[in-house]
Amino acid sequence: MKALILIVVSGALINNVVLNQFLGICSFLGVSKQMKASASLGFAVIFVITIASAVASLLYDFVLKPFGIEFMKTIVFILVIAALVQIVEMFLKKKSPAIYKSLGIFLPLITTNCAVLGVALTNVQNGYNFGECVLSGFGTAVGFTIAIVLLASVRVRIREEDLPAPLRGAPIVLISAALMSIAFMGFGGLSF
Amino acid sequence: MSTVIVTTVVITLVGVIVGLALVYTGKKFRVEIDPRESAVRENLPGNNCGACGFAGCDAMAAAIAKGEAPANGCPVGGQAAADRIAVVMGVDPQAQEKKVAFVRCKGTCEVTHDQANYIGVKDCRSAVLNGLNVTECEYGCLGFGSCVAVCPRNAIRIRSGVAVVDRDRCVGCGLCVKACPRGLIDLMAADHHVAVQCSNKDKGPVVKKLCTAGCIGCMLCTRQCEYDAVHVENSLARIDYSKCTQCGKCAEKCPVKVIIPPAAPAGGKEA
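Respectively, the protein sequence lines represent chains A and B.
In the numbering used here, each number is its position in the first sequence, counted from 1, plus 1.
In the numbering used here, each number is its position in the second sequence, counted from 1, plus 13.
For reference, chain B alone in the conformation it holds in the complex (with noise of 0.2 Å):
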């Protein structure tokens, strides 16, 4: 019977000094961490899978607590999300300028080929590996969808060879900009439409026999722009988001209809 006794009261000393202990070491290592990381967190999604970039969710909580992350980083919450932790962080929601993704090739197969029969493992960037063009053009959109097997949210399709990314469901996260083996993917702010949608930097005539579709750097458009916003660089318009006020004459006077109309909606449904 003792056996029982000293054995109950010994083991409970124990227990209780452990505790105590943790509960001491709990105080006195106490690491202070920013309250707004916690809050932050919890308007996380909780999901860890990587698609704002950082190892998971409390990396991600930590970043934006300390400035590293924008508030709207997280694909998975989406806007409504966004807004809480701007809340948290004491930014305005509105002030996190939406960014989408823009397929900047519209070389479907109606205008243009495939010069070589890609038998590979479907994916983009191994289709590059071998060192041969896929497609005849060199800069376009090869269509075997790195870019939709990255997309956290489902925004990627590839209609007729070419990636089309929808606008709506894009949240702008960057990793197809990142898995995208030709760089065609850029990221632009959502309520913007007018864009070249071309990446060939071939002279005019060769453009022309390769894609029907292709910028041929005519400079049409340069001389159209009141606001010194577009420039023909190596055969090739490019927008200047910060300047174009998306006046659309640029798109109007392209004589192969690569810039987009301020109406369409960019990386258009009909392309």
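Excised from the complex, chain A in its bound form (with noise of 0.2 Å):
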């Protein structure tokens, strides 16, 4: 039971996927201009990368293994995990235009993030088994969640100070970030 815990909490907070792994770099700096999209991303985020770490590790014991192909990882994981996207998609659109609605644009968008199929990837490099990987890609999802709406934020408020010329704009987004990336090694104390 601490061994998962552990997990999540590492994945959210101590192994940060963006501020410490770099990893989803593109969306954090792209969509965190406003808390509203940036929590809708994170949510959308949670909600696939959760789904495409359970797909991933299920092909990767029950086809690539067998084979004895997981050099293979990396390609079958794009594919799928893009199909899956586009799947849970229609499926939603179809059964749930509530949360179709609120997710939005941001689906499609996560496809192509580097975060899942780095999560994907992570998971069984480690070895976890399917319910390590569940709970590791649902942790990340959350640190990455928890990382974009702390950049919103302080966005919103960089938005309405006088900064010197050359900072405005792209520069101070990328300080606050290297800032927050500074302060999350903090975590790395963490001890069990």
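For the record, the hints were derived by calculation from the structure and aren't laboratory data.
If you're wondering where the values come from, they're calculated on a predicted model, not measured in any experiment.
Hints are supplied without guarantee of correctness; some may be wrong.
What the hints assert, rightly or not - Which residues of chain B face chain A? A few of them, derived with a C-beta cut under 8 Å, are:
hint: 1; residue: 19
hint: 2; residue: 20
hint: 3; residue: 23
hint: 4; residue: 24
hint: 5; residue: 25
hint: 6; residue: 27
hint: 7; residue: 28
hint: 8; residue: 34
hint: 9; residue: 39
hint: 10; residue: 42
hint: 11; residue: 44
Beta carbons are placed, not taken as given, at the ideal position from N, Cα and C, and that holds for glycine.
The two chains are supplied separately, each in an independent frame; assemble them into the complex guided by the hints.
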């Protein structure tokens, strides 16, 4: 039980996917202008990564391993995750228009997010079983959501400030992200 | 060698299965959308500018298909797009009454004055925030051009301190109506010209001091009108466009010439 909790906490905080592993930076910087959009993206990511790590884990254990072709995992994961997101999108559009609307454009966008693929690959590298994969995916996605919502709230405040001209726009966002990353390194000292 | 074959076969199989799954779910979970919606969408310009008041062309198309938005609601596509959409929706394009914006003020720099020298952000909405009346007339056009800024068609110009709408360019999207902090802008039928070009609700003598072009509420127009279309409320004449026949008698009698006669284009260029 302790090990499982550790997987979630480690994915969310200690090995934060954005601030510690530097995955998914594009959407982290791109969609963090407003709180609402970043929160929506965060929830879409939680949704997609959790499902994707489950499917990737099953695929790895029951298709790639028996045939001894684990080295093809990157290609197979890309293929399956992209298709999976499409299927989930169609399913939601039909069965739950409310969720579909709130996730909106982010769902197809996440298909190509490196964080999704990165989590699936890290999971199998660590030799997680199915349950651990799902938990690790969920934890990582929660970490992504925490990071992007924090950055969005920082950026909302920065926007009102009178910054020196060279720092305006992308530079100050990168500096903020870097400072957040340093702050998150503090979680590395957590011991259980 | 066998690894290559196994890999190829397995990955191909995975790809085929995934493809079939996509086809299956695509069929099974197909959402029936109104075929008119996509037809309307094709006739919209696709700028996603939001000038129609919807979140983008897709949202606008959905609203038109549902009948929640008028077929001529797209300011960018103009009459051409409106006609094509009207055909798709099966409505008469002519039945879509074209509206234009009209600024109910003619207080130019020649007839009225500013009482404060506002040097803040050049925007009417921020100019009213300081609580002072920048213009002497507290109902009049400020002339900082919030309406000009929102107009997607460049149909509004500030001429001598008063916003003037170019009726040929205006598509009646109503963005300026929302933008004006003093509520000076109305939408009216494009073929209607007779209108009161003032919004001042002060009593006559007060208006005369503030602005030589303002409505003084003398009621001469009300007495002239044979159709019960002009009324003076709060010392300000208002024309009921549904009753007005544009005979022009009120405009003739108006002592301050604040009512636009039928011949001249309203919001006149000379203003």
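- Cut-off 8 Å, beta-carbon criterion: hint that residue 39/B touches chain A: 6 Å, holds
- Holds or violated: is the Cβ of residue 44/B closer than 8 Å to a Cβ in chain A? 5 Å, holds
- Item | Closest C-beta approach of residue 34/B to chain A relative to 8 Å, hint status | Given a least distance of 6 Å, the restraint on residue 34/B holds.
- Query: Can residue 28/B be said to touch chain A, with a Cβ gap under 8 Å?
  - Reply: With a minimum Cβ separation of about 6 Å from chain A (threshold 8 Å), the hint on residue 28/B holds.
- Message: residue 25/B was flagged as interface toward chain A. Is the shortest Cβ-Cβ separation under 8 Å?
- Response: The hint is violated - residue 25/B has no Cβ within 8 Å of chain A, the shortest such distance being about 11 Å.
- With a cut-off of 8 Å on the beta carbons, see whether residue 42/B makes it to chain A. 4 Å, holds
- Given hint residue 27/B near chain A, where the shortest CB pair must fall under 8 Å: 6 Å, holds
- Query: Should the hint that residue 20/B touches chain A count as held when the rule is a Cβ pair under 8 Å?
  - Reply: 5 Å, holds
- When the nearest CB of chain A is found for residue 23/B, is that gap smaller than 8 Å? 5 Å, holds
- Status of the residue 19/B interface restraint (C-beta, 8 Å, chain A): 5 Å, holds
- Query: With a cut-off of 8 Å, does the beta carbon of residue 24/B approach a beta carbon of chain A closely enough for the hint to hold?
  - Reply: 6 Å, holds
Hint compliance for this structure: hint 5 alone is broken.
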